[in-house]
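Trainee: What the sequence shown shows, in the numbering used here, is residues 4 to 154, in sequence order.
By construction, these hints were calculated from the structure, which means they are not laboratory data. The beta-carbon is built from N, C-alpha and C at its ideal position, and this holds for glycine as well. Take these hints with a grain of salt, some might be off.
To be verified - What follows is a set of in silico ranges between Cβ atoms, one per label pair, in the way DEER data are often shown:
no., residue 1, residue 2, range
1, Val79, Gln101, 31 to 37 Å
2, Ala82, Ser42, 54 to 60 Å
3, Leu46, Ile8, 50 to 56 Å
4, Glu80, Gln101, 29 to 35 Å
5, Glu80, Leu50, 41 to 47 Å
6, Gly83, Ser109, 38 to 44 Å
7, Ala95, Glu67, 40 to 46 Å
8, Pro55, Leu15, 55 to 61 Å
9, Val89, Ala60, 41 to 47 Å
10, Ala60, Glu35, 32 to 38 Å
11, Ala32, Glu67, 46 to 52 Å
Said to hold, decoys possible - With a straight-line Cα cutoff of 30 Å, these simulated DSS-like cross-link-like pairs (lysine-lysine) come out:
no., residue 1, residue 2
12, Lys104, Lys115
13, Lys97, Lys115
14, Lys97, Lys87
15, Lys87, Lys104
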Amino acid sequence: MTEPIFWLAVSLVLVAVCLAAVLVAAIPAFIELARAARSAEKLFDTLGRELPPTLEAIRLTGLEISDLTDDISQGVESAGNVVKQVDQGIAAAKRQVQEVKVTTRSVFAGVKAAWQTWNRPSRKPSRLPPSQLSPPPERSPQERREQAKES
4 MTEPIFWLAV SLVLVAVCLA AVLVAAIPAF IELARAARSA EKLFDTLGRE LPPTLEAIRL
64 TGLEISDLTD DISQGVESAG NVVKQVDQGI AAAKRQVQEV KVTTRSVFAG VKAAWQTWNR
124 PSRKPSRLPP SQLSPPPERS PQERREQAKE S
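Kindly produce the complete structure, drawing on both the sequences and the hints.
Mentor: So, in structure tokens, the structure goes:
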């Protein structure tokens, strides 16, 4: 057993047996690896055919979305301008209504004063000289307001 050649031969036989066992175990793995490579190749071919049109469709969709966003922005801006114009129109209408209100009150006050003047009994001129006529009694502002309310 001290023979080195014997041990060399035994070692070589053991290494050959191990290599054979590894090859026997690796053959199904290599077969599966070849099958996976064929599947990956088919996948890459399909992606090569299908991906460019899909990417083009996605790009066109993005452009359409950008166009729609621009259109919506313009629509919102236009609606804002219309709202401003309506607001200005309402403010102008309010001013005109106030002016009409003041004018109407003035006209009614004038008509009322004219009616009161028209319907006032006329005074007969007295035959007394003006120095002997008694002056009209002084009325307070409150009495004047009350008399105005009554008539």
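Trainee: For which of the previously enumerated hints does the structure constitute a violation, in increasing order of number?
Mentor: none
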